[in-house]
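Note that the numbering used here has the sequence shown beginning at 1, numbered continuously upward.
Where hints are given, some of them may not hold.
Just the calculated beta-carbon pair ranges, DEER-fashion [claimed, not checked]:
| id | residue 1 | residue 2 | range |
| --- | --- | --- | --- |
| 1 | L99 | I126 | 43 to 53 Å |
| 2 | S167 | F31 | 57 to 67 Å |
| 3 | L8 | R38 | 20 to 30 Å |
| 4 | L99 | L15 | 22 to 32 Å |
| 5 | L8 | A94 | 25 to 35 Å |
| 6 | A143 | T93 | 36 to 46 Å |
| 7 | A82 | K3 | 13 to 23 Å |
| 8 | G26 | L55 | 14 to 24 Å |
| 9 | A65 | A109 | 22 to 32 Å |
| 10 | I59 | A86 | 15 to 25 Å |
| 11 | E35 | A113 | 38 to 48 Å |
Hints in this document: simulated from the structure, not taken from any laboratory. Just so you know, these numbers come straight off a predicted model, no measurement behind them. For glycine and all other residues, C-beta sits at the position ideal for the given N, C-alpha and C.
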Amino acid sequence: MNKVLLALAPAALMLAVCVGMTGVEGWLAGFATSEGARLVLGRAGLALPYAAAGLAGVIFLFAAAGAHAIRAAGWSVAGAAAVVIAIAVTRETARLIALADRVPTGRTALSYADPGTAVGATLALICGVFALRVAIRGNAAFAAAAPRRIRGKRAIHGETDWMGMESAGRLFPEAGGIVIGERYRVDRDHIA
Numbered sequence: 001m002n003k004v005l006l007a008l009a010p011a012a013l014m015l016a017v018c019v020g021m022t023g024v025e026g027w028l029a030g031f032a033t034s035e036g037a038r039l040v041l042g043r044a045g046l047a048l049p050y051a052a053a054g055l056a057g058v059i060f061l062f063a064a065a066g067a068h069a070i071r072a073a074g075w076s077v078a079g080a081a082a083v084v085i086a087i088a089v090t091r092e093t094a095r096l097i098a099l100a101d102r103v104p105t106g107r108t109a110l111s112y113a114d115p116g117t118a119v120g121a122t123l124a125l126i127c128g129v130f131a132l133r134v135a136i137r138g139n140a141a142f143a144a145a146a147p148r149r150i151r152g153k154r155a156i157h158g159e160t161d162w163m164g165m166e167s168a169g170r171l172f173p174e175a176g177g178i179v180i181g182e183r184y185r186v187d188r189d190h191i192a
């Protein structure tokens, strides 16, 4: 049940966000006070459904990190990201086909492709690539590289890189201050 839920929920969420936010560019452009700002917000609104869908998938993956069925969620987000990109390409292709008969001579319809849609689809693609990483590597995709413990040949001091006594003399005063023994090196203690 948990695996099925992790496989269906992110795809449903991403597709609902993509379809539900369609047409938000007019609402977003309404916040503008100048014509230039209206154009920028309108373009951002065209990218928003696709970028928000990808972001929703990545948020779902981070929320499900540590689950045993994280690979199913990764495949679900990757598949939904592919569908979101297909929706973006289909909508833009339909818009360009409708525009094709009005394109001036010497230009192509592709030169009128909307950069906002391209940016949104690219962000969804990046989220899909991360989801593929999660689908392939599982929970290891989230793990940060922990420092490895380095062991030396000798049990007590190992293969340490000691600071030279001259450098230690410049760095630490003769009096010592709060910490005692800054200029003392265990490897040069012949009494021990």
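query = Hints broken by the structure, by number, lowest first?
reply = Failing hints, ascending: 1, 3, 9, 11.
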